[in-house]
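Trainee: Join the two chains into one complex using the hints; note that each chain is given alone, in its own frame.
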Amino acid sequence: MPNYIADKLGRFNVTIVMTALSAVVVLALWLPGRGDGAFISFAVLFGITSGAGIGLGPVLIASISPIGYACLRTHDDKYLFRILLDSTKPVHMLRHRILTYIYSIFICCKSPESDTRTDPVLITVEQPQTWFRKKRGIAGSLIIAGSSLGGVVFPLIVQVFAWVPFLPWLLLEH
Amino acid sequence: MGTVLAMAAIGALTSPPMAGAIVAHDGGSYTWACVFSGLNFVIAAAGIFALRGRLCDWKLWVKL
Chain A
1 MPNYIADKLG RFNVTIVMTA LSAVVVLALW LPGRGDGAFI SFAVLFGITS
51 GAGIGLGPVL IASISPIGYA CLRTHDDKYL FRILLDSTKP VHMLRHRILT
101 YIYSIFICCK SPESDTRTDP VLITVEQPQT WFRKKRGIAG SLIIAGSSLG
151 GVVFPLIVQV FAWVPFLPWL LLEH
Chain B
1 MGTVLAMAAI GALTSPPMAG AIVAHDGGSY TWACVFSGLN FVIAAAGIFA
51 LRGRLCDWKL WVKL
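Top line first, the protein sequences correspond to chains A and B. Following our numbering, the residues of the first sequence are numbered contiguously, the last one being 174. Following our numbering, the residues of the second sequence are numbered contiguously, the last one being 64.
Bear in mind the hints are in silico, worked out from the structure with no lab data behind them. Note that beta-carbon positions come from the ideal geometry of N, C-alpha and C, so glycine has one too. One or more of the hints may lead you astray.
In silico contact screen, one side only, chain B against chain A (beta carbon under 10 Å); selected entries [as the list claims (entries may be wrong)]:
hint, residue
1, A8
2, C34
3, L51
4, W58
5, V62
6, K63
Derived pair list, reagent style BS3-like, types lysine-lysine, alpha-carbon separation capped at 27 Å [claimed, not checked]:
hint, chain 1, residue 1, chain 2, residue 2
7, A, K134, A, K8
8, A, K8, B, K63
9, A, K8, A, K135
10, B, K59, A, K135
11, A, K134, B, K59
12, A, K8, B, K59
13, A, K135, B, K63
14, B, K63, A, K134
Only chain B is shown next, with the shape it has when bound in the complex (with noise of 0.2 Å):
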């Protein structure tokens, strides 16, 4: 628990600078910020979805 939220943190610290960076590079525009935070959304699914893949070998319909 203490890794993956030391891991967590990483990323909780870092991102908004970056999607500070990328608005203020935009002109203030949210626009390629909002597909840097999708993107990340798209990430994490597939991260999870790859976990999952892992615990119960790739078998689609289990409760997991």
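Same shape as in the complex, but just chain A (with noise of 0.2 Å):
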């Protein structure tokens, strides 16, 4: 609902109110709070206050950076990246080229050549970012809310599938 609301009166106001809100929850609920009605309307609130702030976080990146502006409707990794290399400064590349090449060796395990856009969280979080606009702060918002879900599901459906040989293992769950 927050983000809705940052699409019509703007981002960056809604987010600075909403941080704000997180904080005089967490200072004047959470700290002198006694009880479980004190708690829960803790829960309630600071998860409506700070999950603005998480989901409009990239929204905001993406206002203000090269890709906010590049915002072309395709889904053509390549063509996109030309039009970021095109549209930032060499120490800008320079600084791409050193976390691009920290992501392939930590995350993936590609070769920094292959690919620039290695990361899955990046194009998670950076793809719809050039494809929506005017509601992108609602698309960031969904996009954040999918990935807490999956938090959510993904130990119960490990549970589920436990049996399976290895998988604790791989999952360092041993």
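Mentor: Structure (structure tokens):
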């Protein structure tokens, strides 16, 4: 809901208000809170306020980055990357290369020369930002909500399939 | 985007151990960990406010 309002009233405006409200909820509700009612209220309110901040974060970054200016309705990564290269300074390119190298070593184990957009998190977060413009806020919130739901569902799925040989070892849960 | 997420990763990595250390130092009480959390939100709000101010020349009533 805050992200929907953010598309109407301004994403930076809503993010500032929601982040400040998060501080208020933590310091004024959690800190002096006693009893179940206070903590349940805190959980609900903090979920709304902090969730808005988390969901709007990538949206704000896209708004002030070359990705936001490109804003092309295309799924052609190579074309999009060429646009990004053209719109960034050499120092930005160097920084991007270093980050890509780190990602390729620690996350995807791909060659840094093969593809610049190797990090699945980056692809998941970036791609919708290049697709949506007017409703980028609500789109970003749905992505984060889906990611959070995955965090809830995944452990349940793992429990069901715990009998599969080597699965716990693969998930480093032993 | 990658740069911001890389910087955010530093905070995401270090904050939980810091909060845990604060709780342990406070004898299991969450009071100062709560203050730590609240202050981080205050700093975050101030940072976003400063960024917004730079982007719109400190005009308050602008849709941004």
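Trainee: The structure should be examined with respect to each hint, and the outcome stated for every one.
Mentor: Do the hints match the structure? See the list:
1. Proximity of A8 of chain B to chain A holds as hinted, the smallest CB-CB distance being about 8 Å (cut-off 10 Å).
2. A distance limit of 10 Å between C-beta atoms decides the matter here; for C34 of chain B the minimum to chain A is near 5 Å, and the interface restraint holds.
3. This hint holds: L51 of chain B has a C-beta 7 Å from the nearest C-beta of chain A, less than the 10 Å allowed.
4. Taking 10 Å as the C-beta cut-off, the interface hint given for W58 of chain B is violated, the closest approach to chain A being about 13 Å.
5. Because the smallest distance between the Cβ of V62 of chain B and any Cβ of chain A comes to about 7 Å, under 10 Å, the interface hint for this residue holds.
6. For K63 of chain B, the shortest C-beta to C-beta distance to chain A is roughly 4 Å, which falls under 10 Å, so the interface hint holds.
7. Restraint check for K134 of chain A and K8 of chain A: satisfied, since their Cα atoms lie roughly 9 Å apart, inside the 27 Å limit.
8. For the given pair, K8 of chain A sits about 8 Å from K63 of chain B by alpha-carbon distance, which is consistent with the 27 Å threshold.
9. As the CA atoms of K8 of chain A and K135 of chain A are separated by approximately 9 Å, the hinted pair is consistent with the 27 Å bound.
10. Of the pairs offered as hints, the one joining K59 of chain B and K135 of chain A holds, with about 24 Å between alpha carbons and a cut-off of 27 Å not exceeded.
11. Annotation: proposed proximity of K134 of chain A to K59 of chain B holds, straight-line Cα distance about 22 Å (limit 27 Å).
12. For the proposed pair K8 of chain A and K59 of chain B, the alpha carbon gap of about 18 Å is at most 27 Å, so the pair holds.
13. Simply put, K135 of chain A and K63 of chain B have alpha-carbon atoms about 14 Å apart, close enough for the 27 Å limit, and the pair holds.
14. The hinted pair formed by K63 of chain B and K134 of chain A meets the criterion: a straight-line CA distance of about 13 Å does not exceed 27 Å.
When the structure is compared with the earlier hints, a violation turns up for hint 4 alone.
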